[in-house]
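First to last, the sequence lines map onto chains A and B.
So the first sequence is residues 1 to 303, counted in the working numbering.
So the second sequence is residues 1 to 333, counted in the working numbering.
Note that these hints are calculated values from the structure, not bench results.
A portion of the hints provided could be inaccurate.
Between beta-carbon pairs, the in silico distance windows are [what the hints assert, rightly or not]:
| id | chain 1 | residue 1 | chain 2 | residue 2 | range |
| --- | --- | --- | --- | --- | --- |
| 1 | B | 322 | A | 80 | 42 to 50 Å |
| 2 | A | 30 | B | 142 | 42 to 50 Å |
| 3 | B | 110 | A | 123 | 42 to 50 Å |
| 4 | A | 17 | B | 157 | 42 to 50 Å |
| 5 | A | 17 | B | 228 | 20 to 28 Å |
| 6 | A | 287 | B | 141 | 46 to 54 Å |
| 7 | A | 149 | B | 9 | 15 to 23 Å |
| 8 | B | 174 | A | 80 | 51 to 59 Å |
Using 20 Å as the maximum straight-line C-alpha spacing, the simulated EDC-like pairs for lysine to aspartate or glutamate come out as follows [unchecked claim]:
| id | chain 1 | residue 1 | chain 2 | residue 2 |
| --- | --- | --- | --- | --- |
| 9 | A | 110 | B | 229 |
| 10 | A | 247 | A | 285 |
| 11 | A | 110 | B | 327 |
| 12 | B | 140 | A | 54 |
Some chain B residues flagged as far from chain A (calculated, every beta-carbon gap over 12 Å) [as the list claims (entries may be wrong)]:
| id | residue |
| --- | --- |
| 13 | 55 |
| 14 | 174 |
| 15 | 177 |
| 16 | 199 |
| 17 | 272 |
| 18 | 275 |
| 19 | 318 |
Since we're looking at a predicted model, the values are computed, not measured.
Just so it is clear, CB atoms sit at the ideal spot from N, CA and C, and this is done for glycine as well.
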Amino acid sequence: MIRLNDLKISYRIGSRVIDAVDGVSLTIPEGCIVGIAGESGSGKSTLMKAIYGDIQAPMYISRGSIDYGFKGSDGKPVTTANIRDEWFKTISYVPQSSMNSLNPVIRIGKQFTDFPGTDRDKKRVLERATAFLGKLGLPAEVMTSYPHQLSGGMRQRVMIGLATFFQPGLIIADEPTTALDVVVQKEILMLLMELQEEMNNTILVVSHDMGVHYQVTHKMLIMYAGKVVEYGDTESVFADPQHAYTKMLIDSLPTIGDDSMRGVMASAAGAGGDRAFGVGTGLVEVKPNHFVSLANETAGVPA
Amino acid sequence: MGVLRYVAKRLGLYLAVLFIGLTITFMLPRLMPTNPVDGYIGQLQSRANGTLTSEAIAEMRTNLEQLYGLNGDIFTQYVGYLKRVVLQFDFGPSFTYYPQPVSAMILNALPWTLGLLLTATFIAWVLGNMVGLVAGYFHKKRAASVLEFLGILLYPIPYYILAVTVLLLLAYIFPIFPLSPTFPVGQMTPEKIGMIFYNSLLPGITLVLAGFGWNILSMKALAVATTEEPYVTYARLKGASNWTRMTRYVFRNALLPQVTALALSLGMVFNGALLTEMIFSYPGIGLIMRTAATGGDYNVLYGAITLSIIAVATAGLVIDLIYPLLDPRIRHK
Ligand SMILES: Nc1ncnc2c1ncn2[C@@H]1O[C@H](COP(=O)(O)OP(=O)(O)OP(=O)(O)O)[C@@H](O)[C@H]1O
Ligand SMILES: [Mg+2]
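From just these sequences and the hints, can you work out the full model?
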């Protein structure tokens, strides 16, 4: 379980401060896939970085805190201060650019052993990693290959393999499939889903693709302008979206033969620019496990 | 592609480059408006105050004509020229030190130049890359900019100013090294070797300092760019230590262009030799070239030019052969 307490994350650029995440309070239960969607620049990556514990200048936590309800590999409770020691032990990360995230001059196998998370017996790690990648549908030769010899999909499988190899309790995937073609995208996400079912860990996955979210996630978290505007069980959110921005996101999902939403999106975006949708200060539970930011919901929307 | 095929292809290219270089040196005397042979003999006569016998002159003429391939038709000339240069490394006698053969002069001077210049170039490269790597990897830390400053300071100083300054400083103001060092020749004894080593330190230091700055700046720029690569960020998020990231991620990738630079500068050592050897009266190819240039000793110059062509082409070959070992993306093409 992860609890965010009135979390505010800012970037300091010179004397200017940007509040990228502005007062987020919510609880993420254990063992579920949480999908995060929201407009570009709404603070999704910033929130993921903060939860992963990659907090470094110019980014900082300006208010609130994150409670990690799990213990690290040494048995001590994980906190923002010591979470770096848990990287690729109890918490791992799938980067966006699978294309360039592997060192081009080092064999894949070695990239399983060159960080502190792995145990000292490199040979044993390599054997286990080979077997593990086999389960992910990668042939043993991959271990002795260089990244450029693999396809984009294979590389992203390797990234998923690296992230899940240590059976972490929490995996953060920030747009893990953006660079891949649609079919491979689906494959990778299904793989992530299967692994999650097997390991029963928590996965936070950022994506702009609402279809992906619908298929893969248990819970949805919608961000808008640095705030969480809606958070709830995926089924509930898709069946009965509460916030105007969520509605727009879901409505924008193409239904074959239906063009009617294009006009709506265009007018919504055109009408008020960045702040076309109202955002409240706190989340209200409108249904069981379904929260929405309701305050002055209509205030910002021009007629 | 098979390794053998790759090597064969590179070797073929190497020989082709050498061949073209030699062909151009063959053409050069032909493009000159005057006949160099007559020019030489005239000069030689006046130097010898007209005491040369006509037999000696005739012998010289044949010798020179043969070297420049001036007898027979152009094809025979060309084949003869290639044969002499390639098979015997024969450039005829020196004009200034007649009748010493040019090839012997060059071969005597070669170990001196290579010993000093190659070593210094290599040390400058290793040190410069180490400093540049640290400066680039930690470019966000203020302390690291001190290292870069070293490069910014050294790089723009022209070599002769640097060399003379170091000479003044370490041989005149603080007389640690001799102002005009002697380099004993002939049979080597331990004392002689020690003396050569000691006296080579001063020119060596100037060369290292001169090459150092460029290597720092170049490696620093490459390392800064590489630290921004997603695979370095990912390594950080994997929890890889600074040391692992700096050496195995940033260095291994930033190294690739620097290897090319090293090989090229090793190929160019004869350019550097000229100034260094003049300033420190170091008995290498550079000194020979200087004497040859002032004395119009064309045979020696042709020998040196040929040597330079060989050096540059060999450097290219070495790059081609080493690069695949460092970069798997090229190895698997
Ligand atoms: N390194 C940084 N320095 C300064 N500002 C930043 C930095 N990273 C992000 N920001 C700012 O923080 C805000 C949120 O950015 P973030 O990357 O979290 O958005 P996002 O929701 O992930 O967007 P996208 O969907 O485009 O990935 C943006 O306004 C951005 O300009
Ligand atoms: Mg993002």
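Legend entry - Hint numbers contradicted by this structure: none
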